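Listed here are the chains, written in short residue letters.
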Amino acid sequence: MLIRILIAASLLLLLWVLLSGHLGILLLSLGIASGLLVAWLIHRLALQKPNFNTLYFSLNLPRFLPWFFLEVVRSNLDVSWRILHPKLPISPNTSTVSTSKLNDVATTTYANCITLTPGTYTLNVDDQTIEVHSLTQETAEKLQQGKMKERISVLQGRLNTS
Amino acid sequence: MFVVSWILLVLGSVFCLIGTLGLMRLPDFYTRVHAASIIDSLGAILILLGLITQSQDPLVIIKLILILLFMMLTGPTAVHALAHTAVLSEKNRASDQNSKHPQEP
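Protein chains in written order, with the numbering used here: chain A, 1 to 162; chain B, 1001 to 1105.
Isolated chain A (complex conformation) (with noise of 0.2 angstroms):
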């Protein structure tokens, strides 16, 4: 376990390094602390199961990207034209997604994509649902189809092999 903490804070720290560009002792110094810090609060989150592919997500994520951009922009616009509509046409509920078959990873992109996609934010997380806001009955219905779950199952990689 130390030997990961240690290759998280030595990344951090040619990130520190990459980014300040400077390389006095001091700032250095400060690098080398806020990795260690920062790998050790990670290590105690304690994200990664072992039984998570983290390279499998990785590599995949290209592929849910350009169509989760194109669903930000498309509510983007939904949410703004309701905003500037003069009788604000929205009817806010609240609703539960199930997250079945997601682990803890996948759990967490589907939790901040619904957040990250304006008109319909997460207020809960539990082991199995979702509980989300919604601005409109609309985009409530559309996230109960349950697309953007099934592209996010497909990123952790289960679904191929059940």
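Please keep in mind that the hints were generated in silico from the structure rather than gathered at the bench. There's no promise every hint is true.
As the list claims (entries may be wrong) - Simulated restraints on C-beta separations:
(1) B:Lys1091 x A:Leu6: 39 to 45 angstroms
(2) B:Met1071 x A:Leu84: 40 to 46 angstroms
(3) B:Met1024 x A:Ser98: 34 to 40 angstroms
Predicted model, so just to flag it, every value in this text is computed and none were measured. Where a beta carbon is used, it is the ideal one built from N, C-alpha and C, also for glycine.
Given chain A's structure and the hints, the job is docking chain B onto it.
Quick look at chain B alone, frame taken from chain A:
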């Protein structure tokens, strides 16, 4: 390139303006968060893309892309923390029978 950059910057500003307008027009806390997330997503993305197309230094471009990535992670986290706290405090208030304060000052 110059024209593209300015179109992106102006569009981003317009979406920030729409988000601010929504922040004032929408009725309560939960719906206002939706307006704020417009500023957070398309507003920030367009303005940062505009800045990326304006700079020539590759290091600056890398830094701007990193800012974009970090915002994509910190934004939802902050929104979730806010919304979750709102839900919890509302539950607490509902269970607290003695206090009969109005919902919002």
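How the hints compare with the structure:
1. At about 43 angstroms, the CB distance of B:Lys1091 to A:Leu6 agrees with the hint of 39 to 45 angstroms.
2. Checked against the hint of 40 to 46 angstroms, the pair B:Met1071 and A:Leu84 fails, with Cβ atoms roughly 24 angstroms apart.
3. The hint said 34 to 40 angstroms for the Cβ distance between B:Met1024 and A:Ser98, and at roughly 36 angstroms that hint holds.
Hint compliance for this structure: hint 2 is the single one not met.
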